[in-house]
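*Asks:* Top to bottom, those sequences are chains A and B. Residue 275 in our numbering sits at position 275 of the first sequence; the count goes up by one each step and never skips. Residue 593 in our numbering sits at position 257 of the second sequence; the count goes up by one each step and never skips.
If you are wondering where the hints come from, they were derived from the structure by calculation, not from laboratory data. Since the structure is predicted, the reported quantities are computational estimates derived from the model, not experimental observations. Keep in mind that a hint or two might mislead.
[Unchecked claim] DSS-like mimics (lysine-lysine), calculated; alpha carbons at most 27 Å apart, straight line:
{"id": "1", "chain 1": "A", "residue 1": "5", "chain 2": "B", "residue 2": "378"}
{"id": "2", "chain 1": "A", "residue 1": "51", "chain 2": "A", "residue 2": "97"}
{"id": "3", "chain 1": "B", "residue 1": "378", "chain 2": "A", "residue 2": "51"}
{"id": "4", "chain 1": "A", "residue 1": "97", "chain 2": "A", "residue 2": "176"}
{"id": "5", "chain 1": "B", "residue 1": "692", "chain 2": "B", "residue 2": "445"}
{"id": "6", "chain 1": "B", "residue 1": "687", "chain 2": "B", "residue 2": "698"}
{"id": "7", "chain 1": "B", "residue 1": "569", "chain 2": "A", "residue 2": "233"}
{"id": "8", "chain 1": "B", "residue 1": "358", "chain 2": "A", "residue 2": "176"}
{"id": "9", "chain 1": "B", "residue 1": "531", "chain 2": "B", "residue 2": "569"}
{"id": "10", "chain 1": "A", "residue 1": "233", "chain 2": "B", "residue 2": "445"}
{"id": "11", "chain 1": "A", "residue 1": "298", "chain 2": "B", "residue 2": "654"}
{"id": "12", "chain 1": "A", "residue 1": "233", "chain 2": "A", "residue 2": "298"}
{"id": "13", "chain 1": "B", "residue 1": "654", "chain 2": "B", "residue 2": "698"}
{"id": "14", "chain 1": "B", "residue 1": "445", "chain 2": "B", "residue 2": "358"}
{"id": "15", "chain 1": "A", "residue 1": "5", "chain 2": "A", "residue 2": "176"}
{"id": "16", "chain 1": "B", "residue 1": "654", "chain 2": "B", "residue 2": "696"}
{"id": "17", "chain 1": "A", "residue 1": "5", "chain 2": "A", "residue 2": "161"}
{"id": "18", "chain 1": "B", "residue 1": "447", "chain 2": "A", "residue 2": "233"}
{"id": "19", "chain 1": "B", "residue 1": "687", "chain 2": "B", "residue 2": "654"}
{"id": "20", "chain 1": "A", "residue 1": "97", "chain 2": "A", "residue 2": "5"}
{"id": "21", "chain 1": "A", "residue 1": "233", "chain 2": "B", "residue 2": "469"}
{"id": "22", "chain 1": "B", "residue 1": "687", "chain 2": "B", "residue 2": "569"}
{"id": "23", "chain 1": "B", "residue 1": "489", "chain 2": "B", "residue 2": "531"}
{"id": "24", "chain 1": "A", "residue 1": "233", "chain 2": "A", "residue 2": "161"}
{"id": "25", "chain 1": "B", "residue 1": "696", "chain 2": "A", "residue 2": "298"}
{"id": "26", "chain 1": "B", "residue 1": "569", "chain 2": "B", "residue 2": "692"}
{"id": "27", "chain 1": "B", "residue 1": "531", "chain 2": "B", "residue 2": "447"}
{"id": "28", "chain 1": "B", "residue 1": "469", "chain 2": "B", "residue 2": "447"}
{"id": "29", "chain 1": "A", "residue 1": "176", "chain 2": "B", "residue 2": "378"}
{"id": "30", "chain 1": "B", "residue 1": "692", "chain 2": "B", "residue 2": "654"}
{"id": "31", "chain 1": "B", "residue 1": "531", "chain 2": "B", "residue 2": "445"}
{"id": "32", "chain 1": "B", "residue 1": "445", "chain 2": "B", "residue 2": "469"}
{"id": "33", "chain 1": "B", "residue 1": "569", "chain 2": "A", "residue 2": "298"}
{"id": "34", "chain 1": "B", "residue 1": "531", "chain 2": "A", "residue 2": "298"}
{"id": "35", "chain 1": "B", "residue 1": "447", "chain 2": "B", "residue 2": "569"}
{"id": "36", "chain 1": "A", "residue 1": "295", "chain 2": "B", "residue 2": "469"}
{"id": "37", "chain 1": "A", "residue 1": "5", "chain 2": "B", "residue 2": "358"}
{"id": "38", "chain 1": "B", "residue 1": "594", "chain 2": "B", "residue 2": "654"}
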Amino acid sequence: MIYSKALNEALHRALGEDNRVVVLGEDISDPYGGAFKVSRGLTTAFPERVKTTPVSEQAIAGIAAGLALGGYRPIAEVMFGDFLSLCFDQLLNHITKYNAMYAGQTTCPVMFRAPMGGHRGYGPTHSQSIEKHFLGMPHLRVLAASPYHAPHDAFADFLAKDDPVLFVEHKLLYPKHLTLPENGAVGDFMARTESSPGVLPSVCLSLVPREDCALTVVAYGYEAQLAASVIEKLGMEEELFCELVVPAQIAPVDYAPIEASVASTRRLLTVEEGTAGWSWGVQIASSIQRTFFGKLAKPVEVLASQPTVIPGARRLEQEMLVGAHHIEQKIREALS
Amino acid sequence: MNDVIVPTSDVNSETGVIVEWKIADGARVESGDIVADIETSKAVIEVPVTTSGYLLHLAAQDAEVSLATAIARVFDTPEALEAYRATLQAELDEAAVRNAASGVRATLKAKTRAEELGVDLTTLDTSRLITVKEVEAAVAQNVDPATLPAPLKAPEDQERVLLIGGARGATQVIDIFRGNTTQTAVAIVDDDRSKWGTEVYGVPVVGGSDRIGPLFEAGAFDAVVIAISTSVKARAMFRERCAALGVPLTNAIDATSKVASEVTMGRGNVLCAFVQIGTSAIVGDNNFISAYNSFEHHNVLGSDISTGPACVTSSRVKVGDRCRLGTGIYIEPGVELGEEVRVASGSVLLKSVPAKHTVKAKVVTTVVVPNR
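Sequences and hints are given; from them, build the entire structure.
*Replies:* And the structure:
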């Protein structure tokens, strides 16, 4: 099943199983069903609890916050993740603070779903991966869609806890098949899940057992799928073996699965599509280098996109955003 | 036969998923009929046919299909359709047979190594990805030393030599020993299992390189010559293995070659016919020097070097470890080559080359025409 369909089913299920769930966003009503068709059928099945909003992200964030304070579980679709900047103030100064500011007397469990990412030629303001600006916001949990994680788990995690959540969905995953681990495998990869208690699991993929891998690669979302294709190619053709760790939760970082892998490989490469500097990978590198001081074979490598504006021209975009060729080059460097 | 292509200019999707076939496989269609719904990241697209005839599905429901190529074909008659289906099926069957035969998942390197070692991959554990490690482990397990030939015996006064590598390099080294009265090749080891039990110029290939240690301990030979001329990496690797095992290397110097006085000569060097080493030169270990090479006085050669025929140096030239020289190379006085330098045939080197660099040459080539 393709990812957008699985996501749509997960939304149907969340609405069906939990009466507190309210879905809102721009243009999500049938027959249009949202810019990426993720919300298709929801207004028909749950007309009372699925609402199209005016074209105002501020309004979406405010209404969602109010609903959450009132006991609902709003899931808000932001049409393009780039527009999350318009929700930033309410997330930073209100939604994530209420619980502490009111000494635990209230909670504000809002989930924002946001399609992110480029490689599509959508230009500077519809292609970004701006989640790094939300990482490290206290009391915000950031989850990332991946081909190896069932989207339903993200909603179940949101509904089971009382914190606000940002769910980052790379838009290139929508038309791709969901490839969940089955019988300990994903295609030619051996797959296992690892996690700390209470955190959505990370999926660890490798062609050979961990002890035969010389590098750990940690990546999420679409970049995880790109990294998997590179790792498979380098393994099958050249016996350069890496283990790929794909977290479902990117903030706060669950270090345990990464550390378990790095303890064996002694090398780490982080991959993200957001721009370089002050980023997810930098945070992980800092922690891993501290934990493994003196034990790493190489310094941790952080791969991120060039810190500039995403060009509209596809060829220029390919150079700027982290693609398979960049990942391959970094893996080769790390293993050289 | 007409192709049915998804009618879309969608730049957002390269593939779609067949949500539903509206018209069954093999059924009659009329031009304009909607035959399928395809879902892309943006929309569900209805796919019409533009000709009438009989419809052949090229993909199943729920399958991911390219938006650029045909998802179905329309034929004028049911017979034409069935004939085409039969060819498709035949191709599929053939592919299935191929896949069953090669149903083993192995890395490219493992496949190459299995060929070198003569290992049948289907005899290994096929439930996991096979790597070089598994292939080599399988070889180690399968060896029964009793079935392998024993090294030759040699008179007391002879140095008994084991050769590593049973290819053409071995023939050169054995030929060198035939021309002298003090050394005899008694055995060859080679990791290519298909060579085991065969002979090179009457010298038996007694097994793989894992036999070097046990044969030495058993007193079957006195020293080793690495008879691999093509790969400096392999030369270095086997030299290190011998050192780790405490097995000494010995030189194989052709009777026609001239090593001047005051030369410092290491061990494990192969000097083919008519090689000249000038006075006061220093030669490292484990170099394979082909015929008609001349290294002039006061040259310094490293170790694990391999050269082609007719390489000529002037005085005071230095050649670093693991350099690989082609055929017919001239090197000017005082030129220094760093480690792992590779030099193309026909080069004339006027200046030094830093380590890990390759010298390319534009050799004047000839043209062959019929006699007039």
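*Asks:* Hints first: check each against the structure and report whether it holds.
*Replies:* Verification of the supplied hints:
no. : hint               : in the structure
1   : 5(A) with 378(B)   : 12 Å, holds
2   : 51(A) with 97(A)   : 26 Å, holds
3   : 378(B) with 51(A)  : 20 Å, holds
4   : 97(A) with 176(A)  : 36 Å, violated
5   : 692(B) with 445(B) : 24 Å, holds
6   : 687(B) with 698(B) : 17 Å, holds
7   : 569(B) with 233(A) : 25 Å, holds
8   : 358(B) with 176(A) : 23 Å, holds
9   : 531(B) with 569(B) : 21 Å, holds
10  : 233(A) with 445(B) : 12 Å, holds
11  : 298(A) with 654(B) : 34 Å, violated
12  : 233(A) with 298(A) : 23 Å, holds
13  : 654(B) with 698(B) : 23 Å, holds
14  : 445(B) with 358(B) : 47 Å, violated
15  : 5(A) with 176(A)   : 10 Å, holds
16  : 654(B) with 696(B) : 19 Å, holds
17  : 5(A) with 161(A)   : 25 Å, holds
18  : 447(B) with 233(A) : 15 Å, holds
19  : 687(B) with 654(B) : 11 Å, holds
20  : 97(A) with 5(A)    : 34 Å, violated
21  : 233(A) with 469(B) : 18 Å, holds
22  : 687(B) with 569(B) : 25 Å, holds
23  : 489(B) with 531(B) : 21 Å, holds
24  : 233(A) with 161(A) : 40 Å, violated
25  : 696(B) with 298(A) : 34 Å, violated
26  : 569(B) with 692(B) : 13 Å, holds
27  : 531(B) with 447(B) : 18 Å, holds
28  : 469(B) with 447(B) : 11 Å, holds
29  : 176(A) with 378(B) : 13 Å, holds
30  : 692(B) with 654(B) : 15 Å, holds
31  : 531(B) with 445(B) : 20 Å, holds
32  : 445(B) with 469(B) : 10 Å, holds
33  : 569(B) with 298(A) : 25 Å, holds
34  : 531(B) with 298(A) : 42 Å, violated
35  : 447(B) with 569(B) : 20 Å, holds
36  : 295(A) with 469(B) : 26 Å, holds
37  : 5(A) with 358(B)   : 20 Å, holds
38  : 594(B) with 654(B) : 19 Å, holds
Hint compliance for this structure: hints 4, 11, 14, 20, 24, 25 and 34 are broken, all remaining hints hold.
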